[in-house]
Amino acid sequence: MMEEVKDVSAGSVHGDTIKVTEVLQDGDTLTFIIVSQKLSGTGEYHVDRTYDDFEWLQQHLYTQEDVPGIQGVIFPPLPVRPQVNASAKVMKQLGFLALGEWQPYCRALETFLQQVVAHRLLSKNPALELFLTSADPPGRQKIKKNLFNRLSQAMEEMRKEGHKDVDEFFQTVRDQNLQLTGSSRTAAEKFLDVVLTEQKIAVACGHFSAALHLCVEPGQDPDHKAFSRVCVKLSEVFDSMRKSMMSFSLNDLNTLGLGLDLESRHLEAEKEMLFRRTCKLVELESARRNAERAKPVRKAAMEEVKKASETEFEQICEVAKQEPLSARPCGNAAEESDSVV
Amino acid sequence: CFNWLRCDFCSLQLEEEEAKSSFDVDVAVTNPEKVGDGMNAYMAYKVSTRSSLSMFKSKAFTVRRRFSDFLGLYEKLSVKQSLHGCIIPPPPEKSVVGMTKMKVGMDDPSSVEFLERRRAALERFLQRVVSHPLLLQDPDVREFLERDDLPRAVNTQTLSGAGFLKMITKASDAVSKMTIKMNESDTWFEDKFQEVEAEEQQLRKLHVVVDSLVNHRKELCVNTAIFAKSMAMLGNSEDSTALSRALSQLAEVEDKMEQLHQEQAASDFFIFAELLADYIRLLAAVRGCFDQRVRSWQRWQEAQSTLQKKREAEAKLLWANKPDKLQQAKEEITEWEARVTQYERDFDRVGMAVRKEVLRFEKEKTKDFKSQIVKYLEAMLQSQQRLIKFWEAFLPEAKAIA
Chain P
1 MMEEVKDVSA GSVHGDTIKV TEVLQDGDTL TFIIVSQKLS GTGEYHVDRT YDDFEWLQQH
61 LYTQEDVPGI QGVIFPPLPV RPQVNASAKV MKQLGFLALG EWQPYCRALE TFLQQVVAHR
121 LLSKNPALEL FLTSADPPGR QKIKKNLFNR LSQAMEEMRK EGHKDVDEFF QTVRDQNLQL
181 TGSSRTAAEK FLDVVLTEQK IAVACGHFSA ALHLCVEPGQ DPDHKAFSRV CVKLSEVFDS
241 MRKSMMSFSL NDLNTLGLGL DLESRHLEAE KEMLFRRTCK LVELESARRN AERAKPVRKA
301 AMEEVKKASE TEFEQICEVA KQEPLSARPC GNAAEESDSV V
Chain Y
1 CFNWLRCDFC SLQLEEEEAK SSFDVDVAVT NPEKVGDGMN AYMAYKVSTR SSLSMFKSKA
61 FTVRRRFSDF LGLYEKLSVK QSLHGCIIPP PPEKSVVGMT KMKVGMDDPS SVEFLERRRA
121 ALERFLQRVV SHPLLLQDPD VREFLERDDL PRAVNTQTLS GAGFLKMITK ASDAVSKMTI
181 KMNESDTWFE DKFQEVEAEE QQLRKLHVVV DSLVNHRKEL CVNTAIFAKS MAMLGNSEDS
241 TALSRALSQL AEVEDKMEQL HQEQAASDFF IFAELLADYI RLLAAVRGCF DQRVRSWQRW
301 QEAQSTLQKK REAEAKLLWA NKPDKLQQAK EEITEWEARV TQYERDFDRV GMAVRKEVLR
361 FEKEKTKDFK SQIVKYLEAM LQSQQRLIKF WEAFLPEAKA IA
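Quick mapping for you: the protein sequence lines, in order, are chains P and Y. With our numbering applied, the first sequence closes on residue 341, and no number is skipped along the way. With our numbering applied, the second sequence closes on residue 402, and no number is skipped along the way.
So that you can see chain Y by itself, here it is in the shape it has in the complex (with noise of 0.2 angstroms):
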C-alpha cells in the first residue's frame, strides 16, 4: 500500500518539474589561449555565461578556466551525496597525445581539429550541467562559472588514463560483486537498466559506422584535391585553348568541391559522431545512477542486519544479567535504529530522483538528437545547393568546347 502512495507521490512531483522546465541561463565556451611555455603551458578557455537569474552576481560575466577545473567540477559533483541518483554529465576525456602537441605548440589541421573538438565539448558538457534544474542549483557550479581565482583541481587522478567508461565499468562490477542481491519489488527499474544497456550497444555501433564514414569524406577531400591538380596540369598540356581553358575551370570547380567535402566531413564528425559519443558516455552515467541506487539500498540491508545482530546481542547480555554493558547496548541499538530510518530514506530519496532523472533525460535525448539532425540536414541542404550552383557555372564552359 505505501509502496503505491510513494509513486503517486512521485509522479505528481514529476510534474511539477516539467511545469517549471524553462531556465535562463546562458554559457559558452570560446578563445582558447595558450598560457605559458614549454611542459607547464595549458589552454585556457573563455567561459561566458549570461543569465537573468537573481543567484548571479550580474546578469553577463567571463571567468577563464582550464580543462583540469572542469575534470574538478565534475569530481566535486559526483561525490556529492545530496546528488546521488543524478545524472551528472560526464566531462570530456583526458588526451595525452593532443595536449602534448599543444604543449609544443603545433598548428598543423589535426591539432587545429583536436582544439575545436574540446572546446566544442567543453562547451556541450557545461551547457547540460547548467539546464539541469538541481546541479545550477548548487555552489560548486555558481562558483565553477562566476569566480575570478578558482582553486586548482587536485583530484582529477580519477579521470585519467583509464578514462570516464572505464571508471563506471568498474564501480558497476563492484556493486555486482556484493553478496547481498537485491530483490527488485519494482520492476521499473530492472526493465529500464536492460533498456539502457542495450541502446548503449546501439550507439556504440553506429558510432563506429558514423566514424567510418568521417574518414571516407575526408579521404574524398584529399583524393579531390589531388584531382584538382592533376586537372589543371592537364589544361596546361593541352594545345587548343577552348580545351585547355574548360579543363582549368574544371579544376577550380573541383577545388571548390573539396571545400564542400571538408565542411561536410566537419559536419558529420561535430554533429553526428560527437553526439553519438556523447550519448555512449551519457548512458554510462544512467548506468552509474542505477548501480548508487542499488548501493544506497545494500547500505540500508547492512544496517538493518547489524541492528539485527545488536538486538540479538541485547537479549544475550539480558539473560546474562550484566547491566553496565546493557546500556551500552541499548545506545547502540537505538544509534542504528535511527540509522536504518536514515538509509531508508535515503534509498527512497534515490529511488524517486533515479526515475526522475531517467525521465528528464529521455525527453533532453529525443530533442536534442531532433535538433541535431534539423542542424545537419540543414546544412547538408545548402552545401548541395552550392553544389549545384558550381557546376551550373561550369556547363557553359564545357559546352563551349569546340
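Chain P with its partners taken away, still in its complex shape (with noise of 0.2 angstroms):
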C-alpha cells in the first residue's frame, strides 16, 4: 500500500533505525529486506530493494541541481555491486563483502542508507522517502549521463588532480587523504588475506579431524583400543580448533574488516568530493583568464561566466567544509582560507 508523501523534507522514517534485515536469493538476484521505523512511532516500513533500486537511489542523489554546492558533498559510498557465484576480479573488488554469507553486504548497504538520512542535504531528496517507504520498487527509468558520471570516468580529467590549492587548509586536506586512501586501501586487503587465510586453516582442521576418524581400527586388541581412542581425541581436539579458527575469522570479518572496508570507501568518496572541487577550481581561473583577456565585445558575457564559476566554487567550499572531512588542520588555517578566494 503506497504511503502518502506529506513532508517531504522531515522525512518519516528514523534513520537510526534502518536495518538490512534479510538477503534473499532467487537464482542470480539478491533481493534485500529494508526495514525501518516510522517517526510519529505509529509502527514499521518493511520493503524489498535490489541492487538496481539502490543505484537508482545514489543517482537521483547525484543529480539534485537545484541544492548549491552539492558537489561539495562527500556522498556516502554505495558498495560495488554483488554477484552471486562472482567470477574472481569481482570478489577482489568486492573483497570483504564477498565474504559472510552477504552479512557485511548488508551492513554495508545499511551504513549507506543510515548516512544518507542522516545527512542534512541529501536527507530532504524525495528520491529517499519513496526508496524507504514505498511498497511498489521505485522506478528503474534510466538517468540520464550528468557531471557525476563523466567525471568519474573519464581518464584525462586525473591531471587536474595534482593541481596545486589557492587554499592552505584544503591542499592539506587533500594531501592527507591521499596518504589515509592509499594506507586504507592496503590495510583493508592486507587483512582480508589474513582473513582467507584463517579460513584455510579452518578447513584444513577439519580434514584433518575427518582423516583421524577414519584410523579408528576395529577390534578387541587392547592396543589397538589404545591407539584408536588417541585418533578420537585428537579428532574432536582439531574439530574444536576448526570451530575457533572460523569464529576468528569471522569475527575478524564482521569487526576491523568491515570497519577498514567502510573507511576506505568513505575516503575514496571523500576523495572524489575533492577532485570535483579542484576541477571546479581549475575551470575559475581558466574563466578568470578568460575573462581578463576578453574583447570588449566578449567581455561582459565572460564576466558573467567568471562570476557564476566563482560563486558555485565558493558554494562547493562552504559545503565541502561543513561535511565529516579526515583531516582536521589547525583552526588557525580554516579561517584565514575563508579570505582567500
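These aren't lab readings, by the way, just hints derived from the structure by calculation. Quick reminder that beta carbons are idealized off the backbone N, C-alpha and C, glycines included. Heads up, some of the hints might be wrong.
[Claimed, not checked] Some chain Y residues close to chain P (C-beta under 8 angstroms, calculated; not the full set):
#1 Y42
#2 M43
#3 L134
#4 L206
#5 V210
#6 S212
#7 H216
#8 R217
#9 I226
#10 F227
#11 S230
#12 M231
#13 K365
#14 I373
#15 K399
Relying on the hints, combine the two individually framed chains into one complex.
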C-alpha cells in the first residue's frame, strides 16, 4: 500500500533504526529486506529492494542540481554490485563484502542508507522517502548521464588531481586524504588475506579431524583400542580448533574487516569530492583568465561566466567545510582560508 | 600339535621380554657444524650418549658423525642374518637439494629449517635404534656411538635417489614374483600384513592433510606480518593521536601474533608431520620384515625340493649301480638334509622374531603418538594463553580511542 508522502523535508523514517534484516537469493538475483521505524511511532516500514533500486537512489542523490554546492558533498559510498558465484575479479573488488554469506554486505548497505538519512542536504531528497517507504520498487528509468558520471569515468581529468590549491586548508586535506586512502586500502587488502588464510586453516583442521576418524581400528586388541582412542580424542581437538578458527575469521570479518572496508570506501568518496572541487577550481581559474583577456565585445559575457564560476566554487567550498573531513587542520588555517578565494 | 607348542613358547618369551623393558640409554644429536669447503664440505653432528650400562666404556661420551655414517649404520644392520625379522628403524631421506644448499652455505630460513629437520630426524632414528633391545646389543651400534674415528661408509648407494620406501617396494615386488607361493598355516601373519598395509595408506592420507595445514599456517605468518606493516603505516598517516597510537599498538600485537603463528606452524610440522612421515616409513620397514619371513620360507622350500631331487638321483644311481658316484650322492644328501633343518629353524626363528617385533612396535607406536600429541596440546595451550594476554593488554588502548 502506497503511503502518502506529506512532508518531504522531514522524512518519515527514524534514520538510526534502518536495518537490512535479510537477503534473499533467487537464482542470480539478490533481494534485500529493509526495515525502518516510522518517526510517528506507529509502526514499521518493510520494503524489498534490489541493487538496481539502490543505484536508482544514488543517481537521484547525484542529480540534485537545485541544491547549491551539491558537488561539495561527500556522497555516502554504495558498495560494488554484488554477484552470486562471482568471478575472481569481482571477488577482489568486493573484498570483505563478498564473504560471510552477504552479512557484511547488508551492514554496508545499512550504513549507506543511515548516512544518507543523517545527511542534512541529502535527506531532503524525495527519492529517499520513496525508496524507504514505497511498497513497490521505485522507478527503474535510466537517469541521463550527468556531471558525476562523466567525472568518475574521465581518465584525462586525472591530470587535474595534482593541481595546486589556492587554499592552505584544502591543500592539507587533499594531501592527508591521499595518504590515508592509500594506507587504508592497503590495510584492508592485507587484512582480507589474513582472514582468507584463517578460513583455509579452519578447513584444513576439519579435513584432519575427518581423516583421523577414519583411523579408528576395529577389534578387541588392547593396543588397537588404545590407538583408536587417541585418534578419536585428537579428532575432537582438531574439530574444536576448526570451530575456533572459523569464529576467529568471522569475527575478524565482521569487526575490523568491515570497519576497514567502510573506512577505505569513505575515504575514496572524500577523494572524489575533493577532486570535483579541484576541477571547479581549474574551471574558475580558466574563466578568470578568459575574462581578463576577453575583447571588449565579449567582456561582459565572460564576466558573467566568471561570476557564476566563482559563486559555484564558493558554494562548494562552504558545503565541503561542513562535511566530516578525514583531516582537520588546526583552527587558524580554517579561518584564514575564508578570505583567500 | 607342534605348532601349538611353538606358539605357547613364543608368548612366554614375549612376556619375559616385556618384564625387562626398561633400558637405560640416552642419545642426543646436536650442534651441526660445517666441515671443509666447496663441494667437499659436509655437516658433522655431535652424537652424545649417556648410559649406566656396563657394555659401554664410560657413563657419558661424545663423537662426531656425518649423515653418511648414519646411513652406513643402517646398511650394516639391515643385511645381518641374525637381525632378520627385526624392524630396523629407517634413516632419514637423502636430499640433493638440501645438501647442495648446505655446501653452498646459504643462511636463509628454508636452509635453517632443513638442517633442523635433519638433525631432529637423525636423533629420532638413533633413539629408536637404542631403545630396541636387540639392536642395542649389536656391536656395530656400539661402535657407532663410541668409536672416535669411524671408517667412512661406502655402501650407501642403495639408499640414494630412489629412497628407502622405493627400496622396500622393489624388494616386496621381487618376493611376490617368486614361483613358490607360501601356503600360510598361520593366519596371524596374513591378517597382520593386511592391517599394516591399510594403516600405511591411512597415515599417508593424514600426512597430506597435515602438510597442507602446515603450509596454510606459514601463509598466515606471512600475511600477518604484511598486515602488521600496513597497520603501522595507517597509524602513521592518521591525524588523531589516540587513533594513531591505537593503530600502532595493533600493529605491534599483530607482529606478536605472527611470532605465535610461526611457532604453531613449527609445532604442527615437527610434532605431527614428521611423526606421520616417520611411521609411514616404519610401517614400510614392518612390511619388509614380513617379506624377509616369506623369503626365509622360500629358501627352506627350495632346499627341500633340492633334497628331494638329490634323493631321486641317488635312487637312480642305486639302480644303475655306480658305486663311486653313489658315495658323492650320499654326501650331498647329508649336506642338504642339514641345510633343510637349518633353514626350517631359521624360518621359525624369523617368524617368532616378526611376531615379537610387531607386538612391540604396536605398543611403541601408541606410546609415541600419545606422547607427541600431549606435547602438541601443551604447546598449543601455552600459545593460546599468550594470545589471550596479548589481546587483553591491547583492549584498554582500543577503548581509549576518543
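Hints, one by one, checked against the model:
1. Y42: violated, 37 angstroms
2. M43: violated, 33 angstroms
3. L134: violated, 20 angstroms
4. L206: Where the cut-off is 8 angstroms and the nearest Cβ of chain P is about 5 angstroms from L206 of chain Y, the hint holds.
5. V210: holds, 6 angstroms
6. S212: holds, 5 angstroms
7. H216: holds, 5 angstroms
8. R217: Since the shortest Cβ distance to chain P is 6 angstroms, the answer is holds.
9. I226: Holds, because the Cβ-Cβ distance from I226 of chain Y to chain P comes to roughly 5 angstroms (cut-off 8 angstroms).
10. F227: holds, 4 angstroms
11. S230: holds, 4 angstroms
12. M231: holds, 6 angstroms
13. K365: Holds, because the Cβ-Cβ distance from K365 of chain Y to chain P comes to roughly 7 angstroms (cut-off 8 angstroms).
14. I373: Given a least distance of 6 angstroms, the restraint on I373 of chain Y holds.
15. K399: violated, 14 angstroms
The structure fails hints 1, 2, 3 and 15 (numbered hints given earlier, in ascending order).
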